[in-house]
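Sequence order for the protein chains is A and B. Reminder that position 336 of the first sequence reads as 336 in our numbering, one-by-one numbering, no gaps. Reminder that position 175 of the second sequence reads as 175 in our numbering, one-by-one numbering, no gaps.
None of these hints come from the bench; they were simulated from the model. Hints are not guaranteed to be accurate.
[Unchecked claim] So, partial list: chain A residues that the calculated Cβ filter (under 10 Å) puts toward chain B:
1) Ala201
2) Pro205
3) Thr206
4) Leu210
5) Asn335
6) Arg410
7) Leu415
For each residue, glycine too, the CB sits at the ideal point set by N, CA and C.
Residue-level listing of the chains:
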Amino acid sequence: MPITFKLITVGLDPDVRTTLEAVLRKNAPPAWLFVDDMAVADIGIVDLDAHDSTQLLGVYRARCSGPTLVLAVGDPGLDDAIWVSKPLKPAALLAALGTAIERIATAGMARGVVSTPEFAPKVECANDVATKTSKGTQIDAASAADTTADTVADNTSPFTVSPANKQHLTDKNLRDIAKAAGLTQTERRRHPSYGSIENQAYLDPTQCHLCFYDPKDYLQDTLRRGIDMARSENLPVRIMLGHDNNGISVFPTHDCVQSEVREHFLRSLSMVKGGNAIATFQYLSAGTRLTGTSAEPRLQTTSTLMWKVALWSAMGRVPTGTDPERPVKLAYWPNFTRIFLPHHAIQIAALWSHHPTSLFKTADMLGIEHRYVFSFYSAASAIGAVTFAHGGQPSTTMRDHTGQQHSSSRLLNYLGSRD
Amino acid sequence: MSDYRIIFCGTAGAGKATAIETVSSTPLAKTNDSANRAPIRRTAAPTVALDHGVLNLGETDRVHLYGTPALQSADFVQDILSEGGLGLVLLIDNSRDAPFVDLDTYLNILGDVSSETAFVIGVTKMDQSESPGLREYGDHLRGFKLHNPVFEVDARKQRDVSILIQTLLYTLDPKVRANC
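Model the full structure from these sequences, guided by the hints.
As structure tokens, this is what we get:
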């Protein structure tokens with residue numbers, strides 16, 4: 001039976017993470033399950049070349065005691081971390097993961113127990129781990145040691161690239177991973193706003209739990225609380241993220257937010273379940289002034305930041321309790337020219353402004369993936385731009401503009417190619 | 001060759017000509033009935049010069065972008081839109097003394113046109129004057145039972161003008177696809 005280890009990536013571009021998942025999926029056991037909750041992760045992979053990587057590493061270590069792989073161009077000289085050099089090579093990554101597992105096994109034997117459930121012999125696949133095991137399961141050290149020894153000592157283990165595995169590591173794999181890893185240095189600023197939930201999951205009752213999240217577990221709730229605090233007292237509020245006093249300041253009179261942390265860091269923190277745990281709040285004096293100008297990228301309206309943080313937290317999901325069958329209407333148009341514009345956002349907004357439509361029906365009518373609709377709803381809901389339509393029924397009627405569809409399509413193509 | 005039309009209207013200095021120039025495939029030109037390559041069959045209004053730009057969509061389709069002088073009549077607008085009209089972009093200069101008065105003026109002038117024609121509102125020069133805000137514009141429009149899109153726009157930015165036009169098209173039909 002394959003053993004499953006839970007990995008969390010911190011500060012990694014989503015493209016890199018996706019590529020890592022693809023590469024590891026193609027290798028022999030153990031199985032790797034990428035998780036977003038630091039509290040359940042066995043091994044962390046931290047991109048040290050990311051902006052604010054020191055903060056990210058600090059956040060990760062405060063939440064997770066497992067071994068850490070750090071990705072960096074040069075040796076960062078961290079004794080307690082396993083360095084994987086860039087550009088990333090699958091063989092080096094697998095070897096580092098092997099070292100990490102050795103450390104887990106050593107730590108487990110030293111304690112007399114292995115506290116991670118992934119050594120349990122019944123585990124068959126990554127999804128089973130997520131749904132069938134509970135955190136804190138303990139098995140005896142002997143079986144854990146046996147299992148681990150078999151895993152790491154076997155020449156055919158995945159931590160040395162066996163001939164069989166090499167078959168999977170095609171040139172394209174190598175190119176892809178190297179290319180993706182390189183992106184962390186030349187950050188493309190693509191926003192991971194839609195997640196990767198397959199369309200089928202939204203429609204399958206056994207998987208639909210994947211499509212919901214509780215904002216209280218994410219930075220989204222922290223930001224909401226900070227904004228509410230500032231507005232209720234009409235005083236600036238500082239949301240401190242981590243131990244170095246960097247954070248976000250909310251200025252209610254200007255309806256804006258000034259961030260001392262880079263967007264990359266905020267994004268990573270927003271995506272991670274439990275990313276809100278490190279935040280603390282502090283009222284600032286009424287005389288606290290904004291620094292910088294309106295052109296300063298870290299100065300933005302509260303709704304602009306709330307919109308982004310909600311998108312990053314939602315990742316294609318909607319808040320728990322949302323009824324995807326209930327018609328939604330647009331309360332007001334988000335300022336699309338000044339916020340990150342997600343795919344299909346204008347279409348969805350146009351539909352909801354005239355025809356209250358459920359999330360499911362919206363995806364069907366527009367012929368788009370559910371994750372785009374769910375993402376848009378979560379972000380729009382976070383800034384109060386959507387409401388449920390009371391007693392409304394989804395409408396399928398549209399104005400007849402079939403004669404203009406061709407020209408509209410071509411014009412959209414034209415404008416899209418110039419954006 | 002098929003010709004389609006979008007009108008940019010608004011107060012003087014709101015950025016109509018700039019917006020057209022920002023996205024046009026051709027240099028901005030002044031045009032009138034006789035000079036216009038896509039003739040406008042006009043019934044009511046006297047001849048006036050229009051700012052004119054063109055989006056060439058391949059060899060078969062063109063979208064003409066017209067910038068009207070301030071305060072033209074509804075008939076004038078309707079004439080332009082009567083054949084191949086896609087809709088209207090209304091630009092409001094937020095730095096003027098009373099932007100809502102300007103907005104009301106245009107909504108009254110356009111009258112039935114505004115309820116029958118797709119239109120979007122771009123609020124310009126918000127960097128010079130933040131008030132009224134976009135939410136207030138939305139509330140104000142609701143007083144006219146209108147729910148049209150209102151965005152902050154810098155007429156010099158291609159992305160801003162592009163989003164206005166895309167929104168206009170999706171307001172006509174959210175199901176239209178860019179890749180069909």
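Review point. What hints, given by number in increasing order, does this structure fail?
Key: 1, 2, 3, 4
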